[in-house]
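Visitor: What follows is the residue order along each chain.
There are 2 protein chains.
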Amino acid sequence: MKRYEALAEEIARSIRDGLLRPGDRLPSVREASRHRAVSPATVFQAYYRLEAQGLVRSRERSGYYVTRSAAKALAAPPEPEMRVPPPSESTELDVSELVFEVLESAMSRDLVPLGSAFPSPELFPLARLGRSMASSVQQLDPWSSVDDLTPGFSRLRRQIALRYLVDGMHVPADDIVITNGALEALNLCLAAVTRPGDAVVVESPTFYAALQALERNHLRAIEVATHPREGIDLAALAEVLERHRPKACWLMTSFQNPLGSSMPDAKKQALVELLARFEVPLIEDDVYAELYHGTSRHLPAKAWDRHGLVMHCSSFSKCLAPGYRVGWVAPGRYRQAVARLKLTTSLTTSAPAQHAIAAWLEKGGFDRHLRRLRRTLADQQATFLELLTRHFPAGCRVTRPSGGYFVWVELPPGVDALELHRRALSHGISIAPGPIFSAHRGFANGIRLNYGHTADPRTGPALATLGKLIASAM
Amino acid sequence: MKRYEALAEEIARSIRDGLLRPGDRLPSVREASRHRAVSPATVFQAYYRLEAQGLVRSRERSGYYVTRSAAKALAAPPEPEMRVPPPSESTELDVSELVFEVLESAMSRDLVPLGSAFPSPELFPLARLGRSMASSVQQLDPWSSVDDLTPGFSRLRRQIALRYLVDGMHVPADDIVITNGALEALNLCLAAVTRPGDAVVVESPTFYAALQALERNHLRAIEVATHPREGIDLAALAEVLERHRPKACWLMTSFQNPLGSSMPDAKKQALVELLARFEVPLIEDDVYAELYHGTSRHLPAKAWDRHGLVMHCSSFSKCLAPGYRVGWVAPGRYRQAVARLKLTTSLTTSAPAQHAIAAWLEKGGFDRHLRRLRRTLADQQATFLELLTRHFPAGCRVTRPSGGYFVWVELPPGVDALELHRRALSHGISIAPGPIFSAHRGFANGIRLNYGHTADPRTGPALATLGKLIASAM
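Keeping their order, the protein sequence lines are chains A and B. Just so we're aligned, residue 1 is where the first sequence starts under the numbering used here, counting upward by one. Just so we're aligned, residue 1 is where the second sequence starts under the numbering used here, counting upward by one.
I should point out that these hints are in silico values taken from the structure, not numbers from a laboratory. Any given hint could turn out to be false.
[What the hints assert, rightly or not] Quick list of the computed label-pair ranges, beta carbon to beta carbon:
{"id": "1", "chain 1": "A", "residue 1": "458", "chain 2": "B", "residue 2": "337", "range": "46 to 54 angstroms"}
{"id": "2", "chain 1": "B", "residue 1": "9", "chain 2": "A", "residue 2": "131", "range": "33 to 41 angstroms"}
{"id": "3", "chain 1": "A", "residue 1": "444", "chain 2": "B", "residue 2": "337", "range": "25 to 33 angstroms"}
{"id": "4", "chain 1": "B", "residue 1": "28", "chain 2": "A", "residue 2": "128", "range": "54 to 62 angstroms"}
Quick reminder that beta carbons are idealized off the backbone N, C-alpha and C, glycines included.
Sequences are here, hints too, so could you generate the full structure?
Guide: Below is the structure:
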């Protein structure tokens, strides 16, 4: 256990034991640092962690306070442990049928969307964005599509480059390619560094879209054990790199889908160094980057990349404009290959959407919107965990991600997630069953739940129903 | 020679000989039909052909008249003959470097864009479309993306289905998948019916994007001889089907890029029947469908499809909204496969662009815009051919497409198109050299020229320069 983890754990114990009560102020960072002889950074990390767990909350220029819901949050089910997947051989993929079945069954507004991959569209400023588009699209220079054809609208690329700069990363606008959402970016990256039959490392469990993309590109998957809190197991990864010489790794380093895990900074750095040793490119899926629940951003692994091996993919679909389909990739040394693939795959990205988002970013309302969105999602996580604690039977475990909008629930032994999915559907509830997140259809007793719809009044009753279904299956 | 061709030829001769003069009215269809004992349809076809050649023009409710430029058009260089490509073995593809070099060299507003793949953006009602988007985007139901996720916005699919209906084709809205332009549609179709290493039939010459897409999907190309006026050679195709059992044909049946050829209806029907005999799907690239220069639309091969084997791909990029990137495919029996590939490739298509185009189509301004656009392109072709006749040396041949915005020029023997491309570039002119349209880099003395920018005052001087460069290379 790291220092900051030990410190966070100790404070959490104080809250659980009633030594610290709702409304109490934590010692300032400076006090705590001096008093415990640890660096201020360690204290910060501990406080962030407690904040992400919903136990404390910062008030500007005033410090950290224990939240009202802290005691309840501590009463929530324990976190799951890392499951070691079967021996890491590469797997030919044949997941589509199951995944499509599950996805297609869930495509209806009438279901309570706990299995959805998207947060509620009502979290986004779509009407204001529409007004922004209304004016930007009328000033659209008809010739701009000639200049910006494949890499995308230059003003948008400049805005994205500026956001990298704020994070201390140097990614020039010319090193960015705009794509039809992050999914196209990820597919282009795969195509740039693999040929049919090659093996690619993914997390275990991993986002099913990664498995689908691998299958679509005729690639094989190697699943590597992934910790529910701290991401992929580097020792296991090193062994796989040594033994299989895969052509790429496709990882979600922050707020991983489905676990919600995030690799700590030092681990991201170690990951980048490990991959550089084997000259294996990292396809970094960072679509939830902006959705951290604490006060500071998690840097992507790309921040430690010295060799241009990290292809950083993200989008505006999860943080600003779902449905606009504007994503991007900073492909490092693969920039030309990716840009050319973009040209032969879909030529370029829809101009009005690019222009509207560029105009919105230039106006400066983005960060205000993001602060509100992050706070909302953190609140929804707390509410969701509370409901889950109340309704789910003992024996369940649940992750407490520090960002995004998914929790991963480990059901009590013997409860089958696919069976639960079918029964939940018949009660008008969608969930995402574990086996769709694995090439070998493992995680038979895991489910991913979406807390990005918690404002939906059907959420509480749905979780109550789900709890009963789980109990009756035990 | 078909009846209508003979009739058109005879009338053209009368114009050339001065028997029919500018402003003269042709006999009415009824008169001509009675007088020559041919069906009215044959007369219509002959008149359409003459119209597409710029020799006559119809005036509403009044008949067909010889144009002012008819005599000049008849003085234009002769049409090229069909070139038989090398023996049709399948070719592993490695065209990209050359094609990218040529495309990237031409990406600048400062060049006279005779090599461009796009017509002038000034031909499109982008400002009015922007206003339509401005209002439609503000009424966008945030939840609609959930309902219409992968196949696309249902109101847009309905509008497209209606346009099929007007053409007498039954393609229900549910059989349509909206894509990021036609290029994505074509790529999805390829992926749906092939695996790496398979062979696919293309025209010779063929649109370079088809070669790039084949290469990107690790496929092999079989080029089949294609007539500059009437499209692919069916006898040669039958032999290839028999011998190679390719997995698909990718053809442009109307206004083929780069030749401008269009298969007559009967030939399209024969094509569909031939492919059905071998159970080979047709990927029909029909992006110029709306750009016919005569008075009636060319039906796609899809119109004769009884087995769901034709995957009809088109888009709004060339006829309404370049840069919006909204295309579609009617994939017949491959509908589910294509929709699932769309889901795993780019999830869905940009919502604001889909909604704006749907609103525009519902309002009913589309056909008015198209009539204007077609007339403009037909006029530009006539002007372009006139300029070409004036400036190009004898020994050149040129196609007279009945739609689209490309002509194919066969240079005098010994003039090298790639060399001409390089010299033209140094004079600020882009052209599209023949070898980028062929897997085996044939057509060394062909070039494709774009007449969709003829309103650009630089066009005349550019063609004069080009003519001199050709003459000096002879």
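Visitor: If a hint holds in the structure, say so; if it does not, say that too.
Guide: Hint-by-hint comparison with the structure:
In this structure the supplied range 46 to 54 angstroms is violated for residue 458 of chain A paired with residue 337 of chain B, their Cβ-Cβ distance being about 34 angstroms. About 59 angstroms separates the C-beta atoms of residue 9 of chain B and residue 131 of chain A, a value inconsistent with the hinted range of 33 to 41 angstroms. With their beta carbons about 28 angstroms apart, residue 444 of chain A and residue 337 of chain B fall inside the hinted range of 25 to 33 angstroms. Our hint of 54 to 62 angstroms for residue 28 of chain B and residue 128 of chain A holds, since their Cβ atoms are close to 60 angstroms apart.
Hints 1 and 2 from the list above are not met by this structure, while the remaining hints are.
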